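Whole structure, please, built from the sequences with the hints as guidance.
For the protein sequence lines, the chains are A and B, in the order given.
Letter by letter, the first sequence follows residues 1 to 472 of this note's numbering.
Letter by letter, the second sequence follows residues 1 to 60 of this note's numbering.
Hints in this document: simulated from the structure, not taken from any laboratory.
Since we're looking at a predicted model, the values are computed, not measured.
The reader is advised that the hints may include incorrect statements.
[What the hints assert, rightly or not] List of simulated lysine-lysine pairs, PhoX-like, C-alpha gap at most 20 angstroms:
hint	chain 1	residue 1	chain 2	residue 2
1	B	K17	A	K103
2	A	K65	A	K27
3	B	K17	A	K345
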Amino acid sequence: MNVGVEAGHRRLHYMTVSDAAHAIATKALSPVELMEAHLARIETLDPTLNAFIRLDGEAALAAAKLAETEAAAGRLRGPLHGIPVGIKDIIDVAGLPTTCHSKILDGNMATADAVCVSKLRAAGAIVVGKLSTHEFAIGGPSFDLPWPPARNPWNPDHHPGGSSSGSGAGVAAGLFPMALGTDTGGSVRNPASCCGIVGLKPTYGLVSRRGVFPLSFTLDHIGPMTRNVEDNALMLEAIAGHDPLDPGSAAVPTGHYRAALDRGAKGLRIGFVRHFHEIDMPAEPEVTAALEHVMRALQMLGADVRDIKLPSLVEFAAVNRVILQSEALAIHGEWLRTRPGDYGKLARRRLMPGAFLTAGDYVTANKRRAEMIAAVNAALAEVDVLLCASSMDPACRIDRPADVERTYPRQARTPFNVTGHPALAMMSGLSKGGLPLSVQFVGRNFDEAMLFRVARAWEQASGMDKKHPPIG
Amino acid sequence: MDKELMQALARRAGLDKALAEFPDDVAAAAAQAASVMAKINTPSDPRAEPWPPMRAGDGL
Numbered sequence: 001m002n003v004g005v006e007a008g009h010r011r012l013h014y015m016t017v018s019d020a021a022h023a024i025a026t027k028a029l030s031p032v033e034l035m036e037a038h039l040a041r042i043e044t045l046d047p048t049l050n051a052f053i054r055l056d057g058e059a060a061l062a063a064a065k066l067a068e069t070e071a072a073a074g075r076l077r078g079p080l081h082g083i084p085v086g087i088k089d090i091i092d093v094a095g096l097p098t099t100c101h102s103k104i105l106d107g108n109m110a111t112a113d114a115v116c117v118s119k120l121r122a123a124g125a126i127v128v129g130k131l132s133t134h135e136f137a138i139g140g141p142s143f144d145l146p147w148p149p150a151r152n153p154w155n156p157d158h159h160p161g162g163s164s165s166g167s168g169a170g171v172a173a174g175l176f177p178m179a180l181g182t183d184t185g186g187s188v189r190n191p192a193s194c195c196g197i198v199g200l201k202p203t204y205g206l207v208s209r210r211g212v213f214p215l216s217f218t219l220d221h222i223g224p225m226t227r228n229v230e231d232n233a234l235m236l237e238a239i240a241g242h243d244p245l246d247p248g249s250a251a252v253p254t255g256h257y258r259a260a261l262d263r264g265a266k267g268l269r270i271g272f273v274r275h276f277h278e279i280d281m282p283a284e285p286e287v288t289a290a291l292e293h294v295m296r297a298l299q300m301l302g303a304d305v306r307d308i309k310l311p312s313l314v315e316f317a318a319v320n321r322v323i324l325q326s327e328a329l330a331i332h333g334e335w336l337r338t339r340p341g342d343y344g345k346l347a348r349r350r351l352m353p354g355a356f357l358t359a360g361d362y363v364t365a366n367k368r369r370a371e372m373i374a375a376v377n378a379a380l381a382e383v384d385v386l387l388c389a390s391s392m393d394p395a396c397r398i399d400r401p402a403d404v405e406r407t408y409p410r411q412a413r414t415p416f417n418v419t420g421h422p423a424l425a426m427m428s429g430l431s432k433g434g435l436p437l438s439v440q441f442v443g444r445n446f447d448e449a450m451l452f453r454v455a456r457a458w459e460q461a462s463g464m465d466k467k468h469p470p471i472g
Numbered sequence: 001m002d003k004e005l006m007q008a009l010a011r012r013a014g015l016d017k018a019l020a021e022f023p024d025d026v027a028a029a030a031a032q033a034a035s036v037m038a039k040i041n042t043p044s045d046p047r048a049e050p051w052p053p054m055r056a057g058d059g060l
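Take a look at the structure:
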């Protein structure tokens with residue numbers, strides 16, 4: 001890294017988190033300079049991308065000045081000292097509204113930080129603002145809400161994925177180097193796939209959900225979104241940890257997610273779940289070709305790749321839907337009864353099915369869920385990591401509801417919300433149309449370090465972290 | 001799901017206002033719920049309990 005060159009040119013916004021943190025720690029870069037570069041980038045690009053619901057630029061700059069003073073005095077708050085971060089707007093940030101991108105919660109002021117935000121601040125990160133999402137992390141992309149939907153920086157006519165849309169678009173476009181997203185049916189990994197970045201859904205219970213507006217209590221996860229694997233691990237180290245006040249939080253050891261990063265793929269056993277994208281939900285040919293390329297690259301690096309069979313993608317998706325919609329109705333029921341017109345059409349349609357499911361349906365789905373967890377655990381007893389598709393298509397146009405409706409369910413992310421296993425999505429290549437294609441790696445519970453190891457091996461072999469959207 | 005049953009279930013859930021103002025959305029939600037259960041296999045053991053999802057404490 002040459003900080004002088006980076007700082008003197010327009011690509012400061014594409015510095016990695018780890019490089020920027022190192023440069024700040026060694027006084028080669030000022031947090032103010034870094035923040036100003038990002039705010040300038042936001043001013044230029046966000047009118048096109050709509051990544052922000054609320055930019056908090058003044059406060060971010062003031063925090064950067066304080067961080068600069070602290071760094072100059074040799075007082076670093078933590079490994080993310082002075083690094084800008086964007087927060088999905090279903091996550092509380094003290095003093096800013098949490099709108100969930102909905103009229104229902106317009107003006108809903110947060111009085112305290114969510115635990116994940118508090119941990120990021122403790123590590124030194126600076127919140128730049130609240131980011132677009134699908135309404136309540138389920139209804140989108142929508143044009144009938146108080147704020148427009150985010151757009152894909154690789155082509156603003158296309159969907160950036162969701163529901164953590166602003167997080168994905170903003171990280172990819174260099175509006176901030178890292179963001180928090182949430183993932184109930186794939187909402188970190190979908191925008192990561194569409195926008196060509198790295199998105200992790202950690203193991204259920206690893207990151208506290210306290211202070212995050214729920215969609216489905218037993219499926220909700222909070223995850224880091226970054227432009228490379230190392231930064232993702234760094235961010236996870238900051239936000240993971242047991243929270244006794246979150247009933248889903250796990251009391252397990254955390255940290256050291258970068259420990260195995262550079263050990264490569266040699267000798268690892270990788271299970272390729274081909275039937276997801278070949279039989280259950282046939283992918284676009286270029287998605288399939290890119291997955292084969294990833295598989296061969298890992299073989300070339302010395303991994304032992306074998307085929308693995310899991311329950312069908314269609315059934316995984318159905319179990320996810322029944323549980324999600326039953327639990328979501330328990331959260332939204334009163335508003336749906338009294339204020340149905342204050343939801344956008346998509347959220348209204350996606351939140352009401354719970355009214356037509358029975359308690360028996362919910363329990364049956366959970367019984368199958370237990371069997372699905374056992375099936376994935378059994379597969380991961382044979383191999384170290386699973387490799388499978390994330391999205392079956394490149395991002396569709398955002399202004400064609402039929403295309404959004406068709407492609408939205410064509411994905412292999414929901415299985416791991418159902419089972420709770422950690423899953424990471426990242427770029428596998430580019431389509432002929434210049435849009436990111438994606439791959440997903442899935443690991444054993446709480447073995448995120450192994451996921452990062454495999455993902456990093458692919459990243460280093462392919463150089464995917466060096467590819468940026470042709471914008472700005 | 002026929003229309004009468006759909007409307008009865010919606011009213012039972014207190015969705016009268018949605019039914020009056022957004023009948024197509026209520027019908028779409030009902031149709032979605034009806035189709036999704038058909039895709040789930042019968043659990044192999046009727047006595048099996050639906051746990052661990054999602055157990056706190058020591059993890060999964």
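For each hint, the structure was consulted:
no., hint, in the structure
1, B:K17 <-> A:K103, "18 angstroms, holds"
2, A:K65 <-> A:K27, "14 angstroms, holds"
3, B:K17 <-> A:K345, "15 angstroms, holds"
Violated hints are absent here; each numbered hint is respected by the structure.
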